[in-house]
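Once you've looked at the hints, dock chain S against the given chain X.
Given next are the chains, with one letter for each unit.
Number of protein chains: 2
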Amino acid sequence: MAKDFSTREENYSQWYNDLVIRADLAENSAVRGCMVIKPYGFAIWEKMQAALDKMFKDTGHVNAYFPIFIPKSFFSREASHVEGFAKECAVVTHYRLKNAPDNKGVVVDEDAKLEEELIVRPTSETIIWDTYKNWIQSYRDLPLLINQWANVVRWEMRTRLFLRTAEFLWQEGHTAHATSEEALNEALTMLDVYATFAEKFMAIPVLKGTKTASERFAGAIETFAIEALMQDGKALQAGTSHFLGQNFAKAFDVKFLNRENQLDFVWATSWGVSTRLLGALIMSHSDDHGLVLPPKLAPTQVVIVPVFKTNEQLGQISEVARKIQSSLQQSGISVKYDDRDTQKPGWKFTEYEFKGVPVRLVLGPRDLEQGTIEVFRRDTLEKDILQVEDIDRKVIHLLDQIQENLYQKAIDFRENNSHMVDTWEEFLQKIEGPGGFLYAHWDGTAETEAKIKEETKATIRVIPLGQPLAEGKCIYSGNPSSQRVIFARAY
Amino acid sequence: MAKDFSTREENYSQWYNDLVIRADLAENSAVRGCMVIKPYGFAIWEKMQAALDKMFKDTGHVNAYFPIFIPKSFFSREASHVEGFAKECAVVTHYRLKNAPDNKGVVVDEDAKLEEELIVRPTSETIIWDTYKNWIQSYRDLPLLINQWANVVRWEMRTRLFLRTAEFLWQEGHTAHATSEEALNEALTMLDVYATFAEKFMAIPVLKGTKTASERFAGAIETFAIEALMQDGKALQAGTSHFLGQNFAKAFDVKFLNRENQLDFVWATSWGVSTRLLGALIMSHSDDHGLVLPPKLAPTQVVIVPVFKTNEQLGQISEVARKIQSSLQQSGISVKYDDRDTQKPGWKFTEYEFKGVPVRLVLGPRDLEQGTIEVFRRDTLEKDILQVEDIDRKVIHLLDQIQENLYQKAIDFRENNSHMVDTWEEFLQKIEGPGGFLYAHWDGTAETEAKIKEETKATIRVIPLGQPLAEGKCIYSGNPSSQRVIFARAY
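Sequence order for the protein chains is X and S. Take 5 as the starting number for the first sequence in this note's numbering and just add one per residue. Take 5 as the starting number for the second sequence in this note's numbering and just add one per residue.
One chain only, chain X, in its complex shape (with noise of 0.2 Å):
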């Protein structure tokens, strides 16, 4: 473990901080709160959206491109949507630079001032609506299942590495329907997406549940959410579906002729993951040792390294790493053999322990001779002497395993961190310390709410999707509640 680097118990934060620089994921630049992903960081988020966009179109969805830019006056047009989003954004004014009069540099161009500002989108409901407008004309256009990959900008004040930065690279889909049921039917399918996703890629469990009121996305009627817990307690919104209702389509006039022959408003659903995840991802699996990634989404799943004196040794070692390499290969795992000879092996193991692939394999020259070779696992950083033959079985075994581990371990973590409360102290007590997801009975008020929030930071995370009714006391107000919400305190 490098000196510079610190451990997870010393400081949560700075660990997490050091680890997205040290293991080349993403810097800041030079636009202040804007950042560089770096080819190993946008390497993790190819793997993600490849699987995210096949399991799309599976979903039967189509991908589209929208601009960037929204008028300004879009944005009034849905009447909470205005609150939420028109106010910490870019706003371009104008569209020339012109020579600066002192010859040095340029300055913007006064005369090239736009009649109306335009906002760099920090979602696209309001410019997506306006053009389904001219797409829907009856029962026969619908559903339209749209999704796009763009990069969106919010003007945060406070910015961390994938957790929150003025840009970020997301998917939003949008869809259209003629009912209500089939809206509300398509926003929980994609939070199922969304949820398989994390368990089965990410290997993060999540819980699904709908958000309370005053954490609605600005304009929908109902938003649900996929919530992780990471390793210092704190909860982790990982991916958000909308029902939008008929809002959009209300401000934006989008009307359909329905089978019935009558003019009714279309339905609507948006939904969203973004690069954030990759702080999820990090956050969740990764130890004092540096990054761990679950096979699944290692952009390098196995590397080889040999261990040689001589250049005879090296050309020996090569021979069985390149046949190891190939026949991986040909069952699709990326397989990295790195020969360099002007590193040395101790320094290559903790580089690629640093940067979490899943497997190292090690030859040297007594492996020749004794048919074994050395298979050091990250998750666990266990290291076994095994047998070569079959090793290429062996292997894609392995790494089957350390996808199921790390989400057992995820499980487990979240298990021995989710706590019943019923009490305010106990409340207090838990929050203060160790965090988690607190299961508690809630009155249903946004005063509640807001008071709890003010006292301990905790926030209703979801009220979780498919839990029995239990009646019980409001844990601040003693007010009775029907049913247990999730809070914690959160990123």
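These are computed hints drawn from the structure, not numbers from a lab. These figures come from a predicted structure and were not determined experimentally. It is possible that some hints are incorrect.
Since the list gives no way to pick one copy over another, a pair counts as held whenever it fits inside one copy or between any two copies.
[As the list claims (entries may be wrong)] Straight-line Cα separation of at most 30 Å, DSBU-like style, residue types lysine-lysine; simulated pairs:
#	residue 1	residue 2
1	K58	K108
2	K212	K387
3	K102	K461
4	K477	K413
5	K61	K352
6	K477	K461
7	K300	K254
8	K300	K58
9	K212	K413
Chain S only, in chain X's frame:
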């Protein structure tokens, strides 16, 4: 053919515009100059992206992501770059809106003025080289071979869907090298990648060459380009690759310790292709019946249309159709089986013809009896009745034939429209007439180039690579010339 659809002969420009709209490829948005890329158009772009991305990775490149905003002062660092790029661009001056005093909508919050304006990237050399400064210390950090898929904005006054839009999608490669030779090789390698992509995937033959100084990228030492010829005799620049020398390294102070332990400035290239390629694709192959797509880029490569009167017939046809569909899909062919009963077969034929689906299979009750199937190829509009046996193999072969035929047709067209021109009269006659590529002698001066452009709107598309030198006299000035260059009017 639809009656609201112009033919190429009537009005080529209108034909193009109609085609883009009618084939559901793209449309203008509510934001001046910005387009919406519709799902069908975007699906073609996704196929292009996938093919190019693979070629980039196969040549050792990785993807990353850099900020959309560039501080205004960055443009002034490289003297010629500022002239070329810091003029017509979107300028962000504020970062907040607030409620209007009259409570009607939102207005710019004048208290939230940026200290330094931010430019929405028109290209990313400046922000990337500012970042590379921290990534490069020694020759061991080189080469850096990085590509980015991104949106960019150039405030164009006259826009046309795909061909010239204020916002467009593209990829931009930015590489850093230890030597001039290596950088120059990289620029040429990527030119070859673009040429291969154009010819093998888009079925468009291209000329490779260097641009004259006046057509060079702002900040480049040498700009290489591929040029294609459209059906109206105008040229279209389909991709550029720039050798940037040490210009950006000097502007952003990017030095490295070379193998001789000396500090030196880093050598650079950049290269890009954009959604403009969709314009080239459409204009190269399409006809008065609509879009024609090369099979390798067609979102749907084969459509199967059943012709039936009864549900029983449909059931029998569907059984055969789905077998063909699944066997083609197993070979990686995208096949749509359109069994909708809301549209008649004739309507479907026209629709898929218009959308450029390369192969249409039609199955009726008589085909089932006789073991036949109707096969229609979009490129030649030829229909054939084949035995249904082995139809998957036949269709795969046909798709290859169509890909090859489109390329050959485009080659023939270019040959018929390329002319050696030796006098000014001939030059005028050709350029005012059918257009095409004119191979002519030029005295090498910017003055002559400018005058020819002024008088004829023709520009030097490229100084061809690998063409033997041959002495001659400039068609305009009569002064000596050592090589023919290629003139054309261009998009």
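For which of the previously enumerated hints does the structure constitute a violation, in increasing order of number? Hints 1, 2, 4 and 7 not satisfied by this model.
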